[in-house]
Each structure stands twice: as C-alpha cells, then as structure tokens.
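If you read the sequences in order, they're chains B and C. Per my numbering, residue 1 is the first one in the first sequence, and the count goes up by one each step. Per my numbering, residue 1001 is the first one in the second sequence, and the count goes up by one each step.
Just so you know, the hints here were simulated from the structure itself, not pulled from any lab data. Errors might be hidden in some of the hints.
[To be verified] Simulated pairs of lysine to aspartate or glutamate, DMTMM-like, Cα-Cα distance not exceeding 20 Å:
#1 Lys17/B x Glu1138/C
#2 Lys60/B x Asp1292/C
#3 Lys1311/C x Glu80/B
#4 Lys1314/C x Asp3/B
#5 Lys1231/C x Glu1206/C
#6 Lys1311/C x Asp58/B
#7 Lys1311/C x Asp3/B
#8 Lys60/B x Asp1316/C
#9 Lys60/B x Asp1284/C
#10 Lys1314/C x Asp58/B
#11 Lys60/B x Asp1283/C
#12 Lys1188/C x Glu67/B
#13 Lys60/B x Asp1305/C
#14 Lys145/B x Glu105/B
#15 Lys17/B x Glu1137/C
#16 Lys1311/C x Glu67/B
#17 Lys17/B x Glu1178/C
#18 Lys17/B x Asp1135/C
Predicted model, so just to flag it, every value in this text is computed and none were measured.
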Amino acid sequence: MDDSQKKHNISLYVENKPGVTIRIALVFARRGYNLESFVGSPAQDPRYSRINIEATGDSKTLHLMLEQLNRLVDVIHAREYTDEDVIQKELALIKVRCDNESRTEILQISSAFKCRNVDISDTTMTFQVTGRSTKIDAVRKMLDKFGVLEVVRTGKVLIARGEEETSW
Amino acid sequence: MNKKQCTAAAKLIEILKNQGVECIFGLPGGSAIPIFDALAQSDMKLVLTRHEQGATHMADGYARSSGKVGVALVTSGPGATNTLTGIMTAMMDSVPLVVLCGQQLTTNLGLDTFQEADVSGMSYPIVKHSFLVKDPEELPSIINQAFHIAGTGRPGPVIVDLPKDVTSAYIDEDTSGEFSLPGYSIRKEGDPKAIKEAADMISSAEKPILLIGHGAVISGASREVKAIVEKMQIPVCNTLLGKGCFPESHDLNLGMPGMHGTAYANMALCESDLIISVGSRWDDRIAGSPSDFLPQAKKIHIDIDPVEINKTVKVDCAIIGDAKSVLDSLYGYLEKGNTQRWVKLIRRLKREYPLKYKKEGKLRAQHVIEEMSRLTKGEAIVTTDVGQHQMWAAQFFKTEHSRHFLSSGGAGTMGFGFPAAIGAQLANPGKTVVAVVGDGGFQMTLPELSTAVNEKLPIKILLINNNYLGMVRQWQHMFYDNRLSGVDLVGNPDFIKLASAYGCKGFRVKRSADVRKVLNAALEYNDGPCIIDAEVEKYDNVFPMVPSGAGLDKMLLSMPRKKLEKPKGGT
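Sequences and hints are given; from them, build the entire structure.
Okay, structure coming up:
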C-alpha cells in the first residue's frame, strides 16, 4: 500500500486539563495530517485521560509527530500501536431502511455479526455493532443494499494485553 | 481580612523575586492593573515600553545575553496579541521567556467582553507551553511551573494568562508553589553507547568539521567545544545563533556557512567527510535542500530535543542530551586522529576566498560594520535586525564570546534588533551594546527610543541606511529581472532629527574616510543611546549567496552575468 495512505493507531496518556485536545490536534493539523477518529476519556486515575487517535499519512511524518506529541508538556506518553497485537474495539450504530419484505434478511445478517437491535420502527431498524473496525466495515457493506440511513462510529479504542500498560 | 493573606498579584511578584527576576518589561492596561498595583508596592524594577512587541523583544535580548528567563507583563486583548510576534521569535530561537498577560474576569471569558481575547488559544502553536490561571490558589504553583518549563531543557516562551479576578483575589501568604510535571522530562546526559559511536566516527574521520549552533551557546559549552577542537584539530563553523561560542578570531574558525555564509565555510562543508552538529537544527538557511544535504559527509547530531533528530537532515549518529554534558563525555573517548592535511586545506581556503567588498566609491555597509567590530574588539554585545545588514553583521562582526551576538534567526523578525539591545544593555550594564539595524526594521520598533532614553542606556544604534528593504530588493534584482516592488523606502525620516526629537544623540556618516572618527565619537558617548545614521550604497548585494533551496556547491561569489533562475526554496 502507498505509505502516504497508511492508517496509524496512536494511544496517548495525557493530563486531564483544558486545551490538551487542541495542542494534540495542532500537531497533526500543522503537517496536514488527517485525523480519522479521536476518542478521549478520563483514565483510571481521573487526573489523566487516555486518547486514541486514528490518522492517515506517511510513516516518517508520523514518527516526527510522535516526538512532537511527546514534547508537549501535558502529554505523559504518546505511542504508536499500528500492526501491534493489542485489543482494539470500536462501536457503531447503524440505521438501515427496512420494510416487511427485507426485515427478515436484515435480521439474519445482523445476527450473523452479533449486532444488537436497539431500535425498530415501521420503516427502519437500528443496530449496535462492536468489534474490530474491519468488522464494522463489513456489516455496513452487507447492509448497504437495503439503504443505510445513518452510521455513527465511536472511533477505535485500544488496550494493551496482559500486564503491559497501554501507551507507556 | 485574615492577617496572613495577600493578593495573588502580590504573591506573583514575590515568586518572581524568588525566581531571580531583576526587571520586568511591560505596558499596563485594565486587566493588568492589579498586577501593576502590586508592582508599585514592591521594589521590582519595571521597564515601561512603548509597545508590547518591544517588551517581548527586550525580555528576549535580556534572556539571550544573560541566560536568565526574560519576563514581559502586558494586558489582555490587544496587549497580549501584540506580544505574539515576540513570542514566536523566542520560540523559533529557543529563548526562555515568561509572558504574563492580564485577562478579563474568569466569568467574562468567551463572552466577547472588552479587551478579551483567547490568548492561550492563539498562542498554542508558538509557545513551549501556556497556562490560564482560573484558581488564585494555583497561581504560585503555575508561575513556578512557567519558569521551570521556560528555562530548562530546550528553553522557550511560556504564556501565563491571568484573569483580573484571580490576581485581585486574596490567598494565604504561604500558599504552596510546589508542582509536579509528569509529562515534562529532560534528558541531560547522552546515551554512552551513542557517544562512544560518535567518538569512533570523529577519531577516524579525515576531514571532520564542527557545526556549532545556538544549543551549544545555551548550554554554555564554549570550553568543551574548545577542548575538542584543540585536541582533535577540527575546523569549526557556527550558525548565525552559534556565533561566539567558539572565538571567530581562532585560526580554525570558518565563520558562518549557508546562504550568506563565508565561501571557505561552504567549501569546507562540501569537502568534509564528517559534520558534527552541536545544538544546530540543520536550518534550511544552511542545509538548502535538506534531503540532499552534502551526501558525501557522515553526520553526527547532538541535540537536547529529540524532535530535531532526523527532522530534516538524516543523520548517521544522534546523541540526545545537553551539549555541554555530551561534549564533556565525548572528549574522554576521542583519540587523536590525523587532520593535518585537512587543516592545511582549510587554511588555504580561508586565504584564497576571503570575505570582500568594494572599498572605493560610496560608503559600504560592510566597511562600517567591520570597523565597528575592530573598534569594539569582540567585547561588544551585538544585536541585529533582519535583512542585508544582518548578514553583513554575521560576516564582518567577529564574535569572540557566547551570548554576544543576538539575532532573530528562525523567525527573521524585523524590528527585533533595537529592543533586544535594550534588554541586553539592562542585563549587562557594563558592556558596550551595538544594535546593527536597517532603516526598514528599525522603523518597526523605534518608539522604544523613549524607553532607551528614559533608562539612559548607552546603546549604539548603528543604522545601516540604504533607503531600501535591501534583502528583498536584492532578490528582485537577482531573480525577478530587477522589477522592484514595494522596497523603496521613500519618505524615510531624517534619523538625526528623529533622534533629537526623542532626546537622543545622533551621528551621521556618509564618507568612508569618516567612519572611524564617527564610530569612535559614538563609542565615547555614554550619556544615553545614540543613532549612527550610516548612509550606505543603495544597490549593494550580499555575497556569497547560495540561492534558496540549492546545494552549497551552487554558491555565487558575486553577481553572475547570465540570468538566474528563480530559487527553488521557500524564502
């Protein structure tokens, strides 16, 4: 694959303070790097937050940006996890058009992917799907032909396996 | 009121004193009144400036010349936005500043209230760090953090936004100023393995050359550089900001390389087999096109900031650490090589390609600067503005000591030189301070003449007056068929009358024969600042010149006959 189109997973452990998000986003924006997803929430210790970023761009630039992220005073650690064996999950809500004829088939597909049906109306069904991002892409693709009305994704979150601490 | 309480503003001044601050450069306004009120009740020196940009450049000159943290104090909104140029200037050149900004009441933030601006938000890309103090109890800790961050590691500017209700609030006098910064660490000592590897590369190199940058100046590595140069017989070139770390009068010094560097420095770099950068960041003024910068030479990079490693120029060996400490360890591993033939070649290059300029005809800027350098014998602190005169100062003002040549390198901020000289003179009252400025840049910050006159600072303002924005005119001449656009400074004031309006002494020099006499008179005048208006040749160009984006081997020693292509580099 073209290196400039490579997707990177970055996990950060940062101080839970105002402005941290902007400082991080600016590092990417200044180099013209697009953020695909950005998820942040307080960590176990509420003085800190964990942030997961998925971004597209070349590896050399990313390496420089990781150093620039680590240079930020509010960033404790920033680390790349692309191609590493960690637990990665994402959640999506998918709203699909349905009628009496298509409903059964849609339910079969959703059950094959272990989706949860969270809302149903005469003309729509909404599913919650969790798993790797590739799985969510696959569900979405299967449902496309029925008419996908909306998709809301949380963005990828990751955690290290076993005793290892994430983004350290 | 509890007896043991004081205003947060009073506590602020107390902490500044504890941090060793001797003077503050600033200009008040509504939101900053509580802080100025606390200043009035203390013995802290305030230098009242005429513009907030001036305050930041003064704090910058103070910091660069002394190694201490410079402090500026301004009000909210326009007061704070006026500091942004000075802050960016300090950021680009790693200068430790703490900029204290007044701010609207915390309850008014984000409501477009009078003189309210999101200063922290605006500053993010150009500061080392910034703080907005919302809780008066946190002020002591935050101010200490600001000084710690600004002054340690790779130094840089820190903004502290101080809402009026916060500085007016009463806090316990003994509120703790302790802090912890888990995300901020500094690697002082280099990795011994990398140092050993570098030592082997240096010991076995036949044509090594040192490139000394601002990092070496900041860490105070003069002695360590000299020890290595003398043990190993390695020639030295210095970046614009590295001037003085290793004496420019030394036999093995080649001066500044790069776009307007000396011919012998550029030639030596092109011939070298190993370049050892100490605290320089391979700026594009030197590297031209960084991706193919001198492929024949191996490169060692010593820098305290990991971001700089392989940022533009790919290096063969990197040592992350403080220059002084790294060089000190490196020295122990070095084994004397044989650079005799190399040093011989260096001496020949220096002899055959000296810096030169026309001595006949009209007065030349180079002549004035060279004479000032001669008369001050490397003991003056020199500040410059940005443009042709800056490059001539870099070439002809021989610098012998660290922190004696202050110039806006990375940012290229016109208007820097004169206010920086004010800061430098305040930090070094016994020294001769010369501000080499152009007629363009000087007019950007000249209201600070009031400040210099009030403080009775004997600064020599050496005004290289060619009635042009000369560097842009040079580019238009060389690369744009001499279509001059927006460079003729028609309407310049009479600078001698201007000086007199400010109560400042003025000298004028128009003829080469008068240079020494006039400069001597100016150097002897110490009752306050003086302007030396040197009316120089209007159409002179700076040479050597490496067109922007080109390799050092494309250096021009004079104006070529044939038409030049437009340069590939940015500026």
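A quick look at each hint next to the structure:
Of the pairs offered as hints, the one joining Lys17/B and Glu1138/C holds, with about 14 Å between alpha carbons and a cut-off of 20 Å not exceeded. Taking the CA atoms of Lys60/B and Asp1292/C, the gap is about 16 Å. The hint holds against a cut of 20 Å. For the suggested pair Lys1311/C and Glu80/B, the alpha carbons sit about 18 Å apart, so the restraint of at most 20 Å is met. Restraint check: the Cα-Cα separation between Lys1314/C and Asp3/B comes to about 19 Å, which is no more than 20 Å; the hinted pair holds.
With a C-alpha separation of about 14 Å, the suggested pairing of Lys1231/C with Glu1206/C holds against the 20 Å cut-off. Between Lys1311/C and Asp58/B the alpha-carbon distance is near 14 Å, which keeps this suggested pair within the 20 Å criterion. A threshold of 20 Å between alpha carbons decides the hint, and for Lys1311/C with Asp3/B the separation of about 18 Å falls inside it, so the pair holds. Distance hint between Lys60/B and Asp1316/C is fulfilled; the C-alpha atoms sit about 16 Å from each other, no more than 20 Å.
Restraint check for Lys60/B and Asp1284/C: the C-alpha separation of about 19 Å stays at or below 20 Å, so the hint holds. Taking the CA atoms of Lys1314/C and Asp58/B, the gap is near 16 Å; set against the 20 Å cutoff, the hint holds. Annotation: proposed proximity of Lys60/B to Asp1283/C holds, straight-line Cα distance about 19 Å (limit 20 Å). The straight-line distance between the Cα atoms of Lys1188/C and Glu67/B is roughly 17 Å, inside the 20 Å bound, and the hint therefore holds.
Restraint check: the Cα-Cα separation between Lys60/B and Asp1305/C comes to about 17 Å, which is no more than 20 Å; the hinted pair holds. Of the pairs offered as hints, the one joining Lys145/B and Glu105/B holds, with about 11 Å between alpha carbons and a cut-off of 20 Å not exceeded. Under the criterion of a C-alpha separation no larger than 20 Å, the hint pairing Lys17/B with Glu1137/C is consistent with the structure, at around 17 Å. For the given pair, Lys1311/C sits about 10 Å from Glu67/B by alpha-carbon distance, which is consistent with the 20 Å threshold.
Between the alpha carbons of Lys17/B and Glu1178/C the distance comes to roughly 18 Å, so the proposed pair stays at or under 20 Å and holds. The suggested pairing of Lys17/B with Asp1135/C holds, with an alpha-carbon distance near 14 Å, which does not exceed 20 Å.
In the structure shown, no violation is registered for any of the earlier numbered hints.
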